[in-house]
Structures are given as structure tokens and as C-alpha cells.
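S.K.: Here's the letter readout for the chains.
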Amino acid sequence: MPSNKSVSDAPITQFINCRILRDHRLQRDDLWVREGKILNPEKLFFDEEGFADLQVDCGDGILAPGFIDVQINGGYGVDFSQAADDISGGMALVAKKILEHGVTSFCPTLVTSPPHIYHKVRATDRVLVSVQVLPQVSVDDGGPGGAGVLGVHLEGPFISREKRGAHPERYLCSLAGGGLKDLLEVYGSLDNVAIVTLAPEIPGSLEVVRQLKERGITVSLGHSVADLSQAEQAVQHGATFITHLFNAMLPFHHRDPGIVGLLTSDQVPENRTIFYGMIADGIHTNPAALRIAHRAHPAGLVLVTDAITAMGLPPGRHTLGQQDIEIEGLHAYVAGTKTLSGSIATMDMCVRHFQQASGCSLEAALEAASLHPAQLLGISHRKGTLNYGTDADFVLLDDELSVRATYIAGHQVWRK
Amino acid sequence: MRLVILEDYDLASEWAAKYIRNRIVQARPSADRYFTLGLPTGSTPLGCYKKLIEYYKNGDISFKYVKTFNMDEYVGLPRDHPESYHSYMWNNFFKHIDINPANAHILDGNAADLQKECDTFEQKIADAGGIDLFVGGIGPDGHIAFNEPGSSLVSRTRVKTLAQDTILANARFFGNDLSKVPTMTLTVGVGTVMDAREVMILITGAHKAFALYKAIEEGVNHMWTVSAFQQHPRTIFVCDEDATLELRVKTVKYFKGLMHVHNKLVDPMHSVKDYKD
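Chains V and R supply the protein sequences, listed in that same order. Just so we're aligned, residue 1 is where the first sequence starts under the UniProt record's numbering, counting upward by one. Just so we're aligned, residue 1 is where the second sequence starts under the UniProt record's numbering, counting upward by one.
Hints listed in this document are in silico derivations from the structure and should not be mistaken for laboratory results. Each hint should be verified, as a subset may be incorrect.
What the hints assert, rightly or not - Have a look at the derived ranges for each label pair, beta carbon to beta carbon:
#, chain 1, residue 1, chain 2, residue 2, range
1, V, 17, R, 11, 25 to 31 Å
2, R, 171, V, 57, 29 to 35 Å
3, V, 387, R, 264, 35 to 41 Å
4, V, 273, R, 130, 40 to 46 Å
5, R, 102, V, 76, 37 to 43 Å
6, V, 185, R, 175, 37 to 43 Å
7, R, 102, V, 269, 37 to 43 Å
8, V, 404, R, 54, 41 to 47 Å
9, R, 57, V, 144, 30 to 36 Å
10, V, 59, R, 150, 38 to 44 Å
11, R, 58, V, 295, 20 to 26 Å
Heads up, the beta-carbon is just placed ideally off N, CA and C, and yes, glycines get one too.
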């Protein structure tokens, strides 16, 4: 009988003995949850004369908003871009396993692929929905079965030939057919799409940026040879993100800083923040470069794993698709060579590395994996913070930022 | 009247907290017999609340069977405004302890009918069987609760317009913008506090020294409303050295000489642990 029945009779949980990341700082306070949302306990006390049904002792740990990974290509042997028969099962596996890393929602990322792959993924998305619906937690928000899916990140195929990186050249596309029509032809549909990475120097891209923005889709610039003014034009048309800064773009040059120059550009519309993805695994971005970006524009830094199929697999040799991969420590090499085959970083590792390498506060490191990606996606009113009324997705960490437990909608979904 | 003089603010706060603790614990409150406590806001009682929270966390005291009645609240200030006394009580005391929200009473300064709200508050105090211990602080002009100078010494809970002094003093809490400072409050009356079985008044700091002098060394005077408690049979003033600066040496020496007696009120300290069967 704790809460006033006239408001809700759902049970209330009070997480005690913790420090909460709120308003950009760690505060000694309790976290209250009812019906999957963070509750304002003062209103509960005075309006409802209610109190908690259950107290959970957090052992003096840190409670931070759940991590959001907006760029993850797969892991645990699963490649989201491979049209395997059971991709929904694969996606569910990754969604479940990344709970260990404190990730409570993510954007499965598809690299440049032939059109039939995109259609396939879209079809399986619906399968995923039907599989994971639980009585009280909708699949979009995740739950005990795994981290929530915020929408797909489509990286390519509308990208630069020169900066395609590992994307297969034969599937790259132009926007010659009239912009959005080209996208729909390749992707099939734009439902469930959260982010599109494209190269702004491709003719016709500005109009596409504007149209995607109108549909509420985040446009990211990457795999591009754009100069700064092209990048600024794309931003003025609505682009807000930079895909893995420094990687797959022109290197910084003082007379044309390229896309990197957006971090300090004065052509960014007022009240707009440019965000940039950063693979802070200590391998894909030199710590000095990481510090340059962070110090120039701390509010825009978004930690991404950009993890590939091999993430989460044990050390040793693995056959993944057409490729043999050798995992040694934090490196994934093409077997028999010293060529990096992609990131196998986990989000919690990235947070720790970023904090150590940049010397930033714990708060700033945690927000780069939670608040900033939520702001990027325009969902900070419900995710990425521990403000009252938002989703109770959070992670319990120790002072070394190791994940002790992960919660979605107030329920423990993983624990060490 | 008792006057308890401690070295500094921290010791005065601790002494007051120990006293409250002993009174509650020794009353052995239960579902049939609650302990009723009157509570103040402001900067003076903060240290005392901190200590009480510490005792609660150590398991020495419980507020499960305690009913509280706050002295006052601003009129028209949103309840969740950081300067409201609801916010003050939540942040500095209630959120840290085990009190049942239904037992924590604060006047609603946003009630549609303010006088009715005040009358209801008085009724609730009566229904609770009166107040066992009313803890208060005072302003530099000797006001207790918001009973500004000139308030009737037999006043009851009511709407009160603030004195210009108080409004000016409060401006610092509202961004130094006078237009934002509430000008009216709901407050218990001097008579309401006088009805309590026991009253404890906390007075610390040199800026309160003149008020303490007026409270205890001069006559009962409605221009220094706290002086009314000279006529209360059980009143304790708890103060620090700074607050005694305007008192006569004779007065200070007399009460300091009684400290070994007064300290028996807080030593030994009682704990609910002692009463666990």
C-alpha cells in the first residue's frame, strides 16, 4: 500500500547507497523507479504520500544512464550486414550480450550492401519485433532479452569511392536518379531507420540531407572527401553527425580542415550541436587525436564501438564470412597479417579508455556514451539521462567504471 | 527556562539533535502513541537535521511513529520551487529518513482558501494530541516562525504579511530580485507554539545576539515575539557562544554553571537499539 492508488498501484523501487549522474555531475542521491520510468520522489512524497515497496542497495556504486551505441556492425560472430537466414536471432544475440557492456539501446549498423540485403534486414526487423515482445516491455525499448533497438544506422552506399574503407566498391551508389528516390530504391523503405551516413560531396546529397532531416532521420557525414565548405553546407541542410571522426575522411589540413573542421566551424547554425562519433578503443584513434577533438568540442563527442563480427569472441583464430581473423588482446587482425580488420571494442572499454586518455571527468566520459548519443538522436527527453520521467535504463558501475549491473525499464537485465 | 550554551554552531546543533533523539527514543512511540514534533526551516537547524539523519542511518532513531508539523510556508510559491519549505524539508530531512509521508504536515501556501488551510492545520495538530516538542529558530528581529514584530502573542495559524526587513533579507534566495520574493506566508501563531508541551529554540551566530538578549533578559514584548516563551513552563534555548555576545556576563556565567545539569539531558544518549526486545 505504499503509493496512492489513485495515481498508480505499480510497485516502486528505490535504489539507495549510490551516486547518480544527473545534471552533469555525480550526486549522492537515491533513484526511484515506477513502471519503467524514473520517478520524482518529492512529488511521490507530497502528492501521493507514497513510499518505496522495495529498496535496492547499490553498494556505493555509480548509477549512470544506460549506454547507447549508435554504430555497431555486429559481434559474437554475427554480422548485421550478412544476409544469414537467422539474422533476427543473431541481432537478438548481440542485443543480449551487449547488456554486459552497459549498453541499453543501440543502432544496428549496416555497411554498404546490395539492395536485397537491406530489404532482408527490414523484413527480419519485423520478425525480431514479434519474437521479443514481452508483456510489459516493448521491443523498441529492450528488456531482459537484450538492449533496445533505436533504429538502423545505414552506413553507405551513398559514400565516396576514395574513402570507402572496407565497404565493397561494387555496391556504392550515386544519387543520379533524383535523390530520395535512389535511397528508397536501395533501402526499400526508411521505416526504422535512425541514421544515414552519406558523403556530402555526392551531387544531389544536399536535397537528400534536407529530406531525411524532415523525416526525423539523423544524417551523418562520413566516408567522404568533402572539404569544409561542403560539409558546412550539409550541416546547414540538416546534417548533425560525423561518422567515426578522422577515419575515412580527408586528414585535417590547416588551409582546408575538411569535415574535421566542423568541430570548430562558425558556420554551424545557432543552437545546433555537431556531434561526432569516436572509436575510443586506443587503436583506431590515437589518444592525441582523441584529445584534440575532445578539447575542441567536448559537447559533441559520441563514443561508438563500430564493433565488427569478431567483437566478443575469445582470443584465437576465427572464420567470419569469407575472412579468417586472429584475435590478440584488443586487436583483431586479418589472420596471418598485422592488418586491422575492425574494432572489437566494447562500450564499457571505450568509456574507460576515453576517460583515461582524455583526462576528462567520470561524468563527461559517461555522458559521451549516454547523453550525447541521445541528444544526437533527439531522444534525450526519454533516454540518455536520469531525469524524472525518462526511461529507467541505467548502469551500475564501480569507480573504475567497470559495469556491475545493467537495468532496462528499472529491471535488472544483466549482472556481474 | 533553560539556556544551553555551546562552544560553536556544530556543537550547538549536535546538542539539539541529541536532545530531540533522546526525547523521541524515550517516549517509545508506537502505532498507538505517536511522538509529535514541530519543525523549523532556515539555515540554523541544518546542522541539527544532519545529525538526526546520521542517527537514523546508524539505526539509533526511527521516525516511523513520529508526526511532524512545520512552522510555516510561503504563499503562492510553487511547491517544487527550490526555496519553498516543502523543498527544504524534502531535501534536508524527509528524503533521508523513514517518516511516513502521511505524517509529515506542511502548510499548503497554494491552497484555494488560505485561512481554511490554517484552520485545518490547527485541527490536525489537535487531532494528533498536540505537539510534544516544538523546535524553532528565530530571525535577527526576534520573530519565531513568521510571527513578525508586533504579532499577537496569542496568535494562531494564519496568513501573515512579511515585514520589509524580512523581504529584503530573503531577496538573496530569489536572485536578489525583490519582485520574486514572496510577501505573504502561512505561519503557526505564537499561541500555537506556546501550546506545545515543550519548546526548543535554536539561536546561533553573532547576528542573533541582540535577539537572544531581547528574548531572555528583557520583558515579554510582542515586538520580539520569541520573548513570549519566558512564560512557557518548558523552554530550552540552545545557542552558541557568538549568540551570547549581548548578554550580561552574569547571565552567561549562571547558565554555564548549570551545564553539568543540562548535559544530563543528552548524556547518556538513548537509542532504539536499547529497546529492542
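S.K.: Next step is simple, just say for each hint if it's right about the structure.
M.R.: Structure-based check of each hint:
Range check, residue 17 of chain V to residue 11 of chain R: about 29 Å between beta-carbon atoms, so the 25 to 31 Å window is met. Our hint of 29 to 35 Å for residue 171 of chain R and residue 57 of chain V is violated, since their Cβ atoms are close to 42 Å apart. For the pair residue 387 of chain V and residue 264 of chain R, the beta carbons lie near 50 Å from each other, so the given range of 35 to 41 Å is not met. The hinted range of 40 to 46 Å is not satisfied by residue 273 of chain V and residue 130 of chain R, whose Cβ atoms lie roughly 59 Å apart.
Take residue 102 of chain R and residue 76 of chain V: their Cβ atoms lie about 51 Å apart, and the range 37 to 43 Å is violated. Residue 185 of chain V and residue 175 of chain R have their C-beta atoms about 58 Å apart, which leaves the hinted 37 to 43 Å range violated. As the Cβ distance of residue 102 of chain R to residue 269 of chain V is approximately 52 Å, the hint placing it in 37 to 43 Å is violated. At about 27 Å, the CB distance of residue 404 of chain V to residue 54 of chain R disagrees with the hint of 41 to 47 Å.
Distance hint check: the CB atoms of residue 57 of chain R and residue 144 of chain V are about 33 Å apart, consistent with the given range 30 to 36 Å. As the Cβ distance of residue 59 of chain V to residue 150 of chain R is approximately 55 Å, the hint placing it in 38 to 44 Å is violated. At roughly 45 Å, the beta-carbon separation of residue 58 of chain R and residue 295 of chain V lies outside the given 20 to 26 Å, and the hint is violated.
The structure fails to meet hints 2, 3, 4, 5, 6, 7, 8, 10 and 11 from the earlier list, while all remaining hints are met.
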